[in-house]
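K.L.:
For reference, the chains in residue letters:
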Amino acid sequence: MKEGVKINPFDFVMVKHFDDSYTVGQVDEINAYTDAPSHLTNYISSNLGDPSSTPNVERVQIMVAEAIVLANIRNDNKAELRMPVPSDQPVYFADEDAVSKALGFDRVLGEKIPAGLIEQSNGDKFVVYLDSHYIIGPESAHVNITGISGLAAKTSYAMFLINALYQKLNGKLTIIIFNVKHSDLLHLHEDPNDLTDMDKDIYKKLGLEPKPFPQDKINYYLPRGIGGRPDSDSPPNNYRLYAYTLSDIYADLDLLLAEVPDPNFTLDAFVHYVRDNWEDGVRFESHTVSNWDQLIRTPPEKISRVVYGQSWHQTPPRLIRELKRLTSNKPIFVDNRNRTNNEVYLGQAIKDDIKENRIIVIDIYRIPSINQPFIVGDVMRSIEDLYREGLLTNPLIIFIDELNTFAPNKENPTVITEHIIEIARKGRSRRTALFGVQQFKSEVHNQVWGNCSLHVIGKLGSAELSTPPYRELTQEAKNTVLGLQQGEMLISFKNWRNPIKVVFPRPAYRRSF
Amino acid sequence: MTSLYNDQLSDIKSLGMTLRGGDFVTAPSETPIEEERRADFDQVYDDQNFMNENVCICIEELSNNKKYIGDIKYTQRLSYFLDGSLRTKYLGEYIEDDRSFPVLATEVISSVVKREKRDLRLEKLNRKFVFIFPHKEIGLISDTLFDKLNSLDSSWRSRNSTFYIEFLKGKPERDIRYSMQGKARDIMHKLESETANHLTPNESDWLVMDGALRKEEFTKLEYTIGLAKSFSRKPSFKLSNSTLNIARYLSQIKEGERTAIFKTKADEKICFWYIRLRTHPPMEPLEGVVKVDYVHEKNELTEEDIKLIDELSSEIYALRSPSVYPHPRWPSLIYPIRLAEEFMHTAFTNHEVIGYYGKILAKTIRGEMS
Chain U
1 MKEGVKINPF DFVMVKHFDD SYTVGQVDEI NAYTDAPSHL TNYISSNLGD
51 PSSTPNVERV QIMVAEAIVL ANIRNDNKAE LRMPVPSDQP VYFADEDAVS
101 KALGFDRVLG EKIPAGLIEQ SNGDKFVVYL DSHYIIGPES AHVNITGISG
151 LAAKTSYAMF LINALYQKLN GKLTIIIFNV KHSDLLHLHE DPNDLTDMDK
201 DIYKKLGLEP KPFPQDKINY YLPRGIGGRP DSDSPPNNYR LYAYTLSDIY
251 ADLDLLLAEV PDPNFTLDAF VHYVRDNWED GVRFESHTVS NWDQLIRTPP
301 EKISRVVYGQ SWHQTPPRLI RELKRLTSNK PIFVDNRNRT NNEVYLGQAI
351 KDDIKENRII VIDIYRIPSI NQPFIVGDVM RSIEDLYREG LLTNPLIIFI
401 DELNTFAPNK ENPTVITEHI IEIARKGRSR RTALFGVQQF KSEVHNQVWG
451 NCSLHVIGKL GSAELSTPPY RELTQEAKNT VLGLQQGEML ISFKNWRNPI
501 KVVFPRPAYR RSF
Chain L
1 MTSLYNDQLS DIKSLGMTLR GGDFVTAPSE TPIEEERRAD FDQVYDDQNF
51 MNENVCICIE ELSNNKKYIG DIKYTQRLSY FLDGSLRTKY LGEYIEDDRS
101 FPVLATEVIS SVVKREKRDL RLEKLNRKFV FIFPHKEIGL ISDTLFDKLN
151 SLDSSWRSRN STFYIEFLKG KPERDIRYSM QGKARDIMHK LESETANHLT
201 PNESDWLVMD GALRKEEFTK LEYTIGLAKS FSRKPSFKLS NSTLNIARYL
251 SQIKEGERTA IFKTKADEKI CFWYIRLRTH PPMEPLEGVV KVDYVHEKNE
301 LTEEDIKLID ELSSEIYALR SPSVYPHPRW PSLIYPIRLA EEFMHTAFTN
351 HEVIGYYGKI LAKTIRGEMS
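Residue numbers (our numbering), protein chains in the order written: chain U, 1 to 513; chain L, 1 to 370.
Hints in this document: simulated from the structure, not taken from any laboratory. Misleading hints may appear alongside valid ones.
[Stated by the list, open to error] Keeping only pairs whose Cα atoms sit at most 35 Å apart, straight-line, the calculated DSBU-like set for lysine-lysine is: (1) U:Lys2 x L:Lys114; (2) L:Lys114 x U:Lys16; (3) L:Lys114 x U:Lys6; (4) U:Lys6 x L:Lys359; (5) U:Lys16 x L:Lys265; (6) U:Lys6 x L:Lys124; (7) L:Lys359 x U:Lys2; (8) U:Lys181 x U:Lys217.
Can you make the complete structure from the sequences, with help from the hints?
P.N.:
Now the structure itself:
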């Protein structure tokens with residue numbers, strides 16, 4: 001390298017090739033070499049191991065930067081040249097035009113979505129664009145964001161990208177967001193309180209406005225708490241409460257019982273019985289069930305006789321115990337008579353709300369972890385219903401934090417995991433994108449992250465980086481991930497040959513700390 | 001393909017056309033055979049200094065016959081480091097009627113490394129690719145061919161080609177190929193001398209030549225020393241109280257010490273002394289020692305002369321680091337000279353290209369290529 005030039009991994013470089021074409025590469029590993037062939041040479045040079053001795057002249061040393069070839073750019077519409085670059089050609093920092101062509105920004109099928117800034121070591125800054133057709137379909141879909149808690153700023157990046165999509169698509173999509181942390185995502189309509197001048201500058205360069213989501217387009221759904229109050233941290237001003245009566249979800253008891261082991265499908269038999277025989281309630285001989293309280297008071301022997309055709313079956317007592325554990329003393333499970341006007345069944349509300357421009361925020365932070373999968377699963381099933389009925393036609397983004405909780409990497413996926421896998425598989429053609437966030441991608445079902453077109457990686461630990469989801473990263477990329485700072489991400493997009501390091505601004509809404 | 005490559009190819013064909021009419025038997029391998037380096041020529045040259053008289057005259061009296069120079073403060077003077085190298089190839093045998101002679105090609109390179117404080121950089125690199133033929137006076141080549149080759153050489157020189165033709169004069173010492181190799185070395189020394197003449201050593205920027213100041217031209221260079229890592233084992237040294245052979249004398253010289261200063265005979269232009277750069281790991285007495293040649297025509301040394309020699313010695317001693325281990329001569333090789341060597345080695349034309357040139361030459365001579 002020319003004396004004085006500083007270069008770093010992930011810098012873009014370009015070199016002239018045949019036919020007036022040029023090849024663009026990305027710096028990967030940089031090594032320093034001297035003409036000392038062994039440590040013994042250096043030992044002798046330091047006067048046989050004297051650390052204070054200074055050689056009289058500097059030893060010759062070189063830095064060699066290896067680059068991964070991204071593209072060969074031609075002006076004659078011929079196929080790109082895959083030949084090695086001729087030797088002794090000077091290599092330069094790539095300019096914006098070269099980077100743009102190498103990453104295919106000039107061949108975007110949908111809308112160009114700014115995803116961050118590339119900062120070259122020579123001081124140049126370029127905008128990185130994603131193709132919306134590869135984020136929310138129909139070419140491909142889904143985003144997965146991973147990184148350690150706090151430092152990686154995973155949620156911040158997800159919300160920055162969602163905002164970018166919302167702005168660039170002029171709101172022609174629906175967004176469903178699950179809030180899993182305090183009131184992090186309960187003030188998306190409020191002005192940001194922590195944007196720095198540097199953040200504003202990045203927004204300007206990205207062609208985005210640092211503005212929150214429009215208040216009139218957001219619906220916040222908070223869980224019903226004791227006394228009909230919201231069970232949320234720092235609730236927003238306008239919200240609706242959600243709660244579940246038995247009549248709302250009698251057909252979805254499989255979701256409620258999803259985490260309960262059922263190796264012989266005996267619980268499944270009960271679920272099917274209720275679903276098939278519900279008429280404003282369901283009867284077990286003389287015992288009528290139309291609310292949660294009646295359900296958990298059902299005599300087990302009656303269920304045994306009605307569902308299993310035996311005077312005694314071991315499943316009903318276990319079933320009643322599980323139902324008590326899942327629903328008793330949980331204010332979100334209510335009877336019709338207790339429901340206030342501001343309370344809704346979330347599944348139906350989602351169906352009513354999924355319209356262009358809408359942003360639906362569902363708070364599940366204070367929901368016990370045993371009930372959270374049920375809420376997510378119920379929303380997924382409602383969306384599935386809409387598809388089946390042909391009522392969902394506009395693009396949809398579903399943002400799920402702590403994705404490993406809902407789609408864990410287990411051999412036998414639960415019904416909720418299956419719903420999420422289904423979206424990962426079919427979302428591309430349905431134009432439904434799953435934005436999943438988690439600390440450890442290795443703990444998420446591989447069919448979920450494997451279907452993502454965009455992988456975003458924040459700071460991670462070395463143990464996680466050695467797991468299969470990161471196998472495609474070079475060692476240098478892994479080293480970079482270990483040292484990423486807040487506001488820096490490595491993004492790997494389906495259309496690119498190598499990941500890119502970007503910086504991004506804080507999201508433009510009021511955040512809790 | 002580069003224009004330099006095309007020019008060279010065209011010049012090779014010109015040589016082939018010039019040689020057309022005779023027969024050319026190429027070296028029996030794919031690539032021309034590299035001529036063996038049969039001896040350490042620095043040592044051979046130094047041996048010649050002691051052919052008749054091997055007792056050296058001491059021109060400096062020292063107690064214990066040695067001086068520690070490792071801690072003498074010096075002004076940095078040694079700035080240019082010059083080395084030369086060559087690769088000589090036997091291309092084949094040329095047969096013209098009842099005459100025949102070997103054709104050798106030698107690539108000679110000289111390079112200069114410039115030192116600025118602690119930094120080293122390449123100051124100059126000169127190279128020549130020379131075809132060596134016997135001179136017509138030896139009787140192995142016809143007058144006509146000799147004249148044609150002379151004319152070709154003139155045309156090459158007129159347009160600054162990298163190719164040259166040189167002729168071996170005089171009766172061959174052992175065999176013609178051996179003498180042609182000697183000619184190749186002469187060409188290298190000449191190139192070294194030309195390179196040195198283009199430098200401007202001065203009081204604060206001295207030139208260090210690798211090896212002895214053996215050529216007359218070298219002794220005319222001011223502010224120049226020769227630094228030889230190989231030298232003759234023949235000399236003895238007449239000291240105040242005894243005469244010691246070189247092995248015994250140098251075995252008494254410890255790291256950082258120099259010997260007294262000597263001349264091979266009175267009124268000799270050059271004085272010399274030895275400095276031990278290293279003693280560890282244990283090595284034989286002449287290893288780890290450099291011989292310094294310095295032009296000093298008088299038979300006495302003033303205090304200023306000795307001060308200068310001490311400072312130069314101290315500076316040479318300091319240059320033993322960085323080490324060039326595991327080079328076979330590492331104990332007595334200083335880094336800037338090694339770097340100059342390295343620049344040359346990377347500049348030599350590679351074997352495949354020379355092999356290709358040989359094939360083109362043979363085909364052109366045989367009329368298979370024009």
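K.L.:
Are the hints correct? Go through all of them and say.
P.N.:
Cross-check of the supplied hints:
1. U:Lys2 x L:Lys114: The given pair, whose Cα atoms are some 19 Å apart, holds under the 35 Å limit.
2. L:Lys114 x U:Lys16: 33 Å, holds
3. L:Lys114 x U:Lys6: 25 Å, holds
4. U:Lys6 x L:Lys359: Distance ~46 Å between U:Lys6 and L:Lys359 Cα, so the pair is violated.
5. U:Lys16 x L:Lys265: Roughly 63 Å separates the two Cα atoms, so the pair is violated.
6. U:Lys6 x L:Lys124: 28 Å, holds
7. L:Lys359 x U:Lys2: Since the Cα atoms of L:Lys359 and U:Lys2 sit roughly 39 Å apart, the hinted pair is violated (cutoff 35 Å).
8. U:Lys181 x U:Lys217: OK: U:Lys181 and U:Lys217 at ~22 Å, within 35 Å.
Checked against the numbered hints given earlier, the structure breaks hints 4, 5 and 7 and satisfies all the rest.
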